[in-house]
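Student: Mapped onto the working numbering, the consecutive letters of the sequence shown carry residue numbers 925 to 1206.
For the record, the hints were derived by calculation from the structure and aren't laboratory data.
A virtual CB, placed ideally from N, CA and C, is assigned to each residue, including glycine.
A portion of the hints provided could be inaccurate.
[To be verified] Label pairs and their in silico Cβ distance ranges:
id, residue 1, residue 2, range
1, PRO1109, ARG1160, 20 to 28 Å
2, GLN953, ASP1177, 29 to 37 Å
3, LEU986, ASP1025, 24 to 32 Å
4, PRO1109, LYS1046, 45 to 53 Å
5, PRO1180, MET929, 37 to 45 Å
6, ASN1132, SER1093, 40 to 48 Å
7, TYR1101, GLU1165, 25 to 33 Å
8, LYS956, GLU1068, 25 to 33 Å
9, THR985, LYS1193, 28 to 36 Å
10, ARG1067, GLY1131, 52 to 60 Å
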Amino acid sequence: MMHSMTYDAAYQGTRGANSEDAAIDLLSQEAKLLPRDTLEDVFNAVTRGEARYGVVPIENTLAGSIHRCYDLLFEHDLKIVGETVRHILFALIAPPDVTLDHVRQALSHPVALAQCEQFFRKHPQIQPVSVYDTAGAVERVIREGLNDAAAVATRRAAEVYGGVILAESIQDHSENYTRFLLITPSNAPEANAETDGCKTTIVFSVGNIPGALYHSLRPFAERRIDLAKIESRPLRGSPFEYLFYLDIIGRADTTPVSDALNELRAQAKSVRVPGTYPRYRG
925 MMHSMTYDAA YQGTRGANSE DAAIDLLSQE AKLLPRDTLE DVFNAVTRGE ARYGVVPIEN
985 TLAGSIHRCY DLLFEHDLKI VGETVRHILF ALIAPPDVTL DHVRQALSHP VALAQCEQFF
1045 RKHPQIQPVS VYDTAGAVER VIREGLNDAA AVATRRAAEV YGGVILAESI QDHSENYTRF
1105 LLITPSNAPE ANAETDGCKT TIVFSVGNIP GALYHSLRPF AERRIDLAKI ESRPLRGSPF
1165 EYLFYLDIIG RADTTPVSDA LNELRAQAKS VRVPGTYPRY RG
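Make the full structure from the sequences, and use the hints.
Tutor: Shown next as structure tokens:
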């Protein structure tokens, strides 16, 4: 049996997608990357060992948390080993020879289209059309060579597929950032020894009793541990019970975080630490 090549990382989307840019940021320009259709496919590729890492979006400053990603983190035995943040700028990209006044439809991911509403109001003749992903939309309009279609995606997608940028920075808000996580199997060796500037993600569930969340957070508050984010997700199969995701500043294996975790374990229904990783510095 031939041994197939293991990719460095899997990401959701096609070449030129924001997730591919994030993967290059987190690994390197030389990384061998595996594009996948869905977030599930990315998690599965990492779980099955087809790729050493996965690069997944966890939150966007405009659209909020990416809930599917939180649920998949809980369902898979993977750990978080890194994070990065990308500034998302959208352009209108068309095949060569197509001019702005000929464009009648703009293809892109629904989230991207929703972030460019003002542009579509200004150009009512252009119909937004939802497709699977942003870079894939560019690939499609270039491949089909339509003379009335364009795509909404990032600059690099235009370079990858040979498209022409008809309008730059067409998103409504310039403060559009997406945070990505780098995930790998839980049993992969630890490479990260830095203690300064680490973030730890914790997932725990509590019973549906008054004050349960307050008591769960108290060990962190009393030790003045900086809470970067909290997110709740319904616990599947248990109506009105929740999983809480906490991002805190500090390492899980050093005090005071380790003490707070021990206190949390004593009272929460379940506690898991998907990872301690270097915090994005920008």
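Student: Do THR985 and LYS1193 keep their Cβ atoms within the hinted range of 28 to 36 Å?
Tutor: With Cβ atoms ~32 Å apart, the hint holds.
Student: Taking the CB of PRO1109 and the CB of LYS1046, does the distance hold inside 45 to 53 Å?
Tutor: 48 Å, holds
Student: The hint says 20 to 28 Å between PRO1109 and ARG1160; measuring C-beta to C-beta, is that right?
Tutor: Holds, at about 23 Å.
Student: Has the hinted range 37 to 45 Å been met by the Cβ atoms of PRO1180 and MET929?
Tutor: Hint holds: Cβ distance 44 Å, inside 37 to 45 Å.
Student: Has the hinted range 52 to 60 Å been met by the Cβ atoms of ARG1067 and GLY1131?
Tutor: 54 Å, holds
Student: How does the Cβ-Cβ distance of LEU986 and ASP1025 compare with 24 to 32 Å: does it lie in that range?
Tutor: 29 Å, holds
Student: Could one say that the CB atoms of TYR1101 and GLU1165 fall in the range 25 to 33 Å?
Tutor: 32 Å, holds
Student: For the pair GLN953 and ASP1177, does the Cβ-Cβ distance stay inside 29 to 37 Å?
Tutor: Given about 32 Å between the Cβ atoms, the range holds.
Student: 25 to 33 Å was suggested as the range; check whether the CB atoms of LYS956 and GLU1068 agree with it.
Tutor: Since LYS956 and GLU1068 have Cβ atoms about 29 Å apart, the given range 25 to 33 Å holds.
Student: Mind checking the hinted window 40 to 48 Å against the Cβ distance between ASN1132 and SER1093?
Tutor: Roughly 46 Å apart at Cβ, these two residues keep to the hinted range, so it holds.
The structure agrees with every numbered hint stated previously.
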